[in-house]
Amino acid sequence: MAAHPAAKAINTQEITDKARRDLLHLLEGVRGKKNLVIEKSLAGTIGLIVKFSTLQEYGVDKPFFLENHNVDSTQRNIIFMVRGEDAKKIRMVAEQIKLIRSESKIDHDFSIIWVPRRTLVSNMVLEEHGVLGEANISELALNFVPMEQDLLSLELEDSFEDLCLRKDPTSIFASAQALMLLQKQYGLFPRILGKGDNAKRLADLLQRMRNEEDVNTAADPNSVHLTSFGLTPSALIENLIVIDRDVDFPTVLSTQLTYEGLIDEVFGIANNNTEVDSSVLGGAAPQSQQNGSTTTPTAATKRKVLLDSSDRLYPELRNANFATVGPALNRIARRLASDNENMHNKDQTVADLKNIVQKLPSYKAESESLKTQTSLAEEIMKVTRSESFGRMLEVQQNLLAGTDPASLHENIEEMIARDAPLSTVLRLLCLESCLANGIRQRDLDQFKRQILQAYGYQHALTLSDLDKMGLLCTRESHRGYLNPISNTAGQTATDWNAVRKSLQLWIDEVQEADPNDVAYVFSGYAPLSIRLVQAILQKSYLHQLVNPKNASSAPGGTGWKGFEDAVSRIRGPSVDVTQKGSDSDASNARKTLRGNKEGPKVSIVFFLGGVTYAEVAALRFISNQLEQSSGRKLVICTTSMLNGKKAVDVAVEQRTFAS
Amino acid sequence: MSKPTTNWERIGDKFYRRIQLYDSVFDPDLELENYTVTSAPYSGAVALRRDDSKIYSYRGTQAAKSTIDIYSCAGKLLRQISWDRGNVKSIGWSEDERLLLVTEDGTVRMYTDLQDDFTPFSLGHGAEEHGVQDCRFWSNGFVALLGNNSVVAVTRYDEPRPQLLASAPPGDVMSWAVIAPEHTSSRAVEVLLAIGSSVYVVDAVECEDRGLEAGPFRHLCVSPNGKFIALYTDDGKVWVISSDFQDRLSEYQSKVKTPPRDLQWCGNNAVVLAWEDELHLVGPNGSFQRFDDYGSFLHLLPDIDGIRVLTNDKCEFLQKVPESVEEVFRIGSKTPSAVLLDAIDQLEQKSPKADDNIQLIRSKLDEAVDGCVRAAGQEYSIHWQKQLLKAASFGKSVLDLYNSDDFVEMTEALRVLNAVRFFEIGLPLSYDQYFQLTPERLIQRLVNRQEYLLALKVSEYLHLPVDRIYVHWARQKVRSSETDEDSICEEIVRKLNGKRGISFEEVARAAYHDGRGKLATELLEHEPRAGKQVPLLLNIGEESIALDKAIESGDTDLVFYVLLNMKKHMPLSSFFRTINSRPIATAIVESSAKDQDQELLKDLYYQDDRRLDGANLLMSEALESSDIGPATDKLKSAAKLLRDSKEYAHQVAAIDDAQRLLRFQEVFEKELNDRYVGLSVNETLSKLIKNGNMKRSQKVQSEFKVSEKTYWWIRLRALVSRRDWKELEEISKGRRSPIGWEPFFNEILGAGNPKVASVFIPKCTNLTPPERIEMWVKCGMVTKAGEEALKAKDRAALEELRTKATGNGMLEIDRMIAQLQKGR
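Residue numbers (UniProt numbering), protein chains in the order written: chain A, 1 to 659; chain B, 1 to 824.
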């Protein structure tokens, strides 16, 4: 256990297991067969922790989506599983219970499982509908869902919309609760660092909850009496770094260039699954190859592909820059081919044979995986090779590198004229606006007019929402821009030109095949969010990168030290809180017990508002470096997975006139 | 000191002991036979209620008043609950000492913490019509049997939801019992009903006849661990069977004429039959013992590891002698622990035999010490506890290595146990009960009895949190104190401040229930948890304080909850005024209203003069309507809203354009008989061109000032998509194009027409020759590419082209290469 103690750091499997146990326990509580009515967005999340066949073993007869309003009355027991924070969904539950009760002849038993908690509003709404007494109510504290060993997500799909557009802080509270649970298990985060208005709010909430927790544990008769002496600083976790999505929109808006990122951009990934046409994966439709792309898409059936570390090849490919995926797949194909040859070698000893038989299952899994990944990569290749993608990328990279945006306007205008997807156009415009703190009034008006003409006047709403989110504004109005949630004065806009230099956000010589810097994930652009993490965890590296000549004066210390100047030029307040145990005796005792053999080992990076796969890849890259150099490790937490399309689509108006 | 074995009785091969816990329990005048008596598990409080069915002598008006009296096991009156309504059918306890009264009409009252305020709920499911016959309670719930043999279960008390179980067959229920959920394989409660000659098992889903034929069964009782069932048949037999009805374990013929009044389990291995003043203890294998020295009417109070027998003048605990005790004290016992105990005796007499004893059990000394420690825990007499611990201590001192944790823990536990067993407290817990009850809940019981000092002492002694005790004290203080509010508040805050984990909310709630709203508000100021402050503040009517607290907490659920409440009770204008200064509240109102209450949103925007938002809302409504007419109206009013102020000029222009476009599209639909409404300007252009309506498209272009570039792009793509090569070739004759000619080449080639595409290659004069060569090659015209290369005098390109060329083309290229060489 001496070699890599970090490996057993935060046991994400444990979280999955607990969630599964809790859920099954709740299902078990309802005797007999039951119909399960589940909120659509929860279904995928639940799918991450338990298989449907297991649910069936626990008596679930038929699943229904709450949104479809089609629950039938075949079973006496009906279980609703819905997020308790969402008044709209609560109302749906109440209405459906009422409906079933009035229509069905049987006397139903209703149960409601609120995720992650039962709320006052839910009680109130149920009471208003007169069904509060009808249902057996319980809660399933499903907070963080492990997507991977090092990636925990709250899977709050709407978190970005809530925070940026609606200014609704629900997901901040949910995050704080989830982090609080981690603290209860692993001890207090000794230090909380962060950047951004919402990060500040989150940090404040965590402080507040700690005080409340003292009373709560005391009030809870089931609490173990050890916890009743308050939390002590964790021995395992070094710090919590909170990155508010507000601080770094450009990274979200940019098209991701890692393999996983591009799968997300091209097909979309939800709950570790992507859906692609079965024709893409071959197998199903061999005849379509002759006709090429002219086959009608009507026959296309979707197939789900699971993308996680259970795949044989995906883990080594997912975080690589897409440019290197083709060669990597080639290499693997060649290796498998030679393996295959060896197997068919005639003169073999019995020992050889035994060896081969042992290898067979893994060989099969690998070639299976190779087939899938190659098909996916080829499909993505079709997109990345297209002229429109190249044009889009050219604009994006130029913007990120700091080229004068005016020279790129013609390109964007042409994209509008050529009816490029609205989200692509908006992403580029928002990117420009974010990087330059707004677009010149005249230019922006011009763009707006073109967009309205090209995509329809209903997008006046889209543009207005983007303005509200601070993604697309005129330069003048941005100056006076104040986040209405924030009550603290901080920088209200980021000075990107200064930050680009002081944190080295652009790297000209990127080594995509053998990366030496996180900039590889965007082929040149190093995400600001990641640089902020590096400013805390890899001070000397970043310092060297920024001042190659003056490498010796690397900053020491912890927290933001050494980069205060750069950080202060980024919008939003900086957070730096040290947490000490309430009972100093207990903390000291712990410290003595622990001795000074080894320091803390895990840093948690929390993205408030969502994280992209490219950022995840970059953080994994850093985590590997840290683990090699000092045995430390990163765990990434987020409210949801995000990409530029999802971010912009929050604002995009889907309706059209008179349809 | 008398030997512990004096009160042992041998039944079969097992010993049972009767421990007198308390004497002179009740007033001798109390006619116990006229009362029903129930006791909370783990030696908890005892509830006495006058049995209405029994006649009693008239004692004046005083006695006629119906009460339920709660006593400690030692007969100390803890509380009197006056009862004036309904016919109480059953009284029961939960394991947290919650008293439950069930009346005939199905009303249940829950009294928590031995207080006299209660929470009522109703059983429903026909309880009112058919009437409750009887109830059976377990640790966390109960089952009620109704007059029509239906069974209603309540499985939790924090939020009781009576649930109708499967229906049982009709017929007289002779006797019945429940198996608690924690003991059944289905983890749901099972009810056993003795009807006719058999026993039926009822749960939520089904009712199953177990097919016993020896009935009717007068008594039916389930053992504390839920594994066995004792049945008393009409012919005087006691049967013990396993609770899955698979094995018959023992049978005992009581040979008495009068059937027993009561049958209960004593622990998990013996059954007690009770008559008026005597009882039979029936052990395994039919062995039994009669106890008839009680002399007065007795009641049985079963517990998890034994049974308490209650008479007017004593409270006795009857249990199987625990193994550890039996090992030490059984006469002639040669176990190491017995020898060790003897050694301490010898030591006290200064006899050298003490050492002999030690040497005798030297190899098993640790076992002996453990045995003595365990036995001490089970012993009620303080003298023998000491003796056993001394022996253990002596044994320990001889051992080189011994882990003393158990010893220390036992001394601590015994100290607590002896303190609470004291008659003034009256909690005669056995060690096993203490272990299952947990120290935390023991302290809760002490607090319920308002033994604050002892509770504090015990908590400190066991290092347990003390906050609950203080809170309980404060609540009591608020309830009972007569002084003015400020000084109460001050006193409470002084006592409680600085203590960790104090919940002021509970104290405030007590104050509120007492009608002291101001005191409650003041106390709430000290509560750290907003989630707890808010609902109470709302109750008190301090809505805006509640809103501020909710916002502070960051919990949107709370904020929303307060807002919903405020909206209900406040005029709209003052509601808006309140949220106006609180951005988060406004955001939440907006975000929720967007989904369900647009009118509210309109009012809000109007009140705040947020015109753009108001206009957007109208626009959104325009999108909702499926007809052009209403949509245009909405757009008009949206424009009207914005027209006054200059800063929205662009938005107004856009809205006007939107209306204009709709009008155009309407005309097109009529004229061309095709769908146009809902398309954007560019899409309209494209569709018009695709359908060959050039004139109209030009009209739209000029009307909406679509730029030439855009128009060209749209036209190009539209023409390509309808494969109008003629028109495209026509365009190629034009002199210049605002988007250059390369897009024409690319789009047309992409559509699969290299011939037409190639027409545009010579027009791309701004490109370099190699690029043009590439274009020619893409069209498959190698010779043309060669000519391009020749023109540019690019030998290398020609060489490369040669490799691609075939047949005639190859010759041509060769010719060109030659020409190039010649030219040099």
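These are computed hints drawn from the structure, not numbers from a lab.
C-beta: ideal position from N, C-alpha, C; glycine also.
Worth double-checking, as some hints may not be accurate.
Quick list of in silico lysine-lysine cross-link-like pairs, BS3-like style, CA-CA up to 30 Å [as the list claims (entries may be wrong)]: (1) B:793 <-> A:382; (2) B:709 <-> A:382; (3) B:568 <-> A:167; (4) B:733 <-> B:687; (5) A:468 <-> A:88; (6) A:646 <-> B:594; (7) B:687 <-> A:468.
Only some residues are given here: those of chain A computed to face chain B with a beta carbon under 10 Å [stated by the list, open to error]: (8) 365; (9) 569; (10) 657.
Quick one, are residue 793 of chain B and residue 382 of chain A close enough, alpha carbons at most 30 Å? Answer violated: residue 793 of chain B to residue 382 of chain A is near 35 Å, above 30 Å.
Hinted contact residue 657 of chain A with chain B - closest CB pair below 10 Å: 5 Å, holds
Pairwise hint evaluation, residue 382 of chain A against residue 709 of chain B, where the allowed Cα distance is 30 Å at most: 28 Å, holds
30 Å Cα cutoff - pair residue 468 of chain A, residue 88 of chain A: 23 Å, holds
So if I understand the rule, the pair passes when the alpha-carbon distance is 30 Å or less; does residue 646 of chain A with residue 594 of chain B pass? 20 Å, holds
With a cut-off of 10 Å, does the beta carbon of residue 569 of chain A approach a beta carbon of chain B closely enough for the hint to hold? 26 Å, violated
Interface hint outcome for residue 365 of chain A [beta carbon to chain B under 10 Å]: With Cβ-Cβ at 39 Å, over 10 Å, it is violated.
Hint check: residue 733 of chain B vs residue 687 of chain B, CA-CA at most 30 Å. Holds or violated? 24 Å, holds
Is the straight-line distance between the alpha-carbon of residue 568 of chain B and that of residue 167 of chain A 30 Å or less? Within the cut-off at roughly 24 Å; holds.
With the threshold set at 30 Å, check whether the alpha-carbon distance from residue 687 of chain B to residue 468 of chain A stays at or below it. 34 Å, violated
Of the numbered hints stated above, those contradicted by the structure are hints 1, 7, 8, 9, listed in ascending order.
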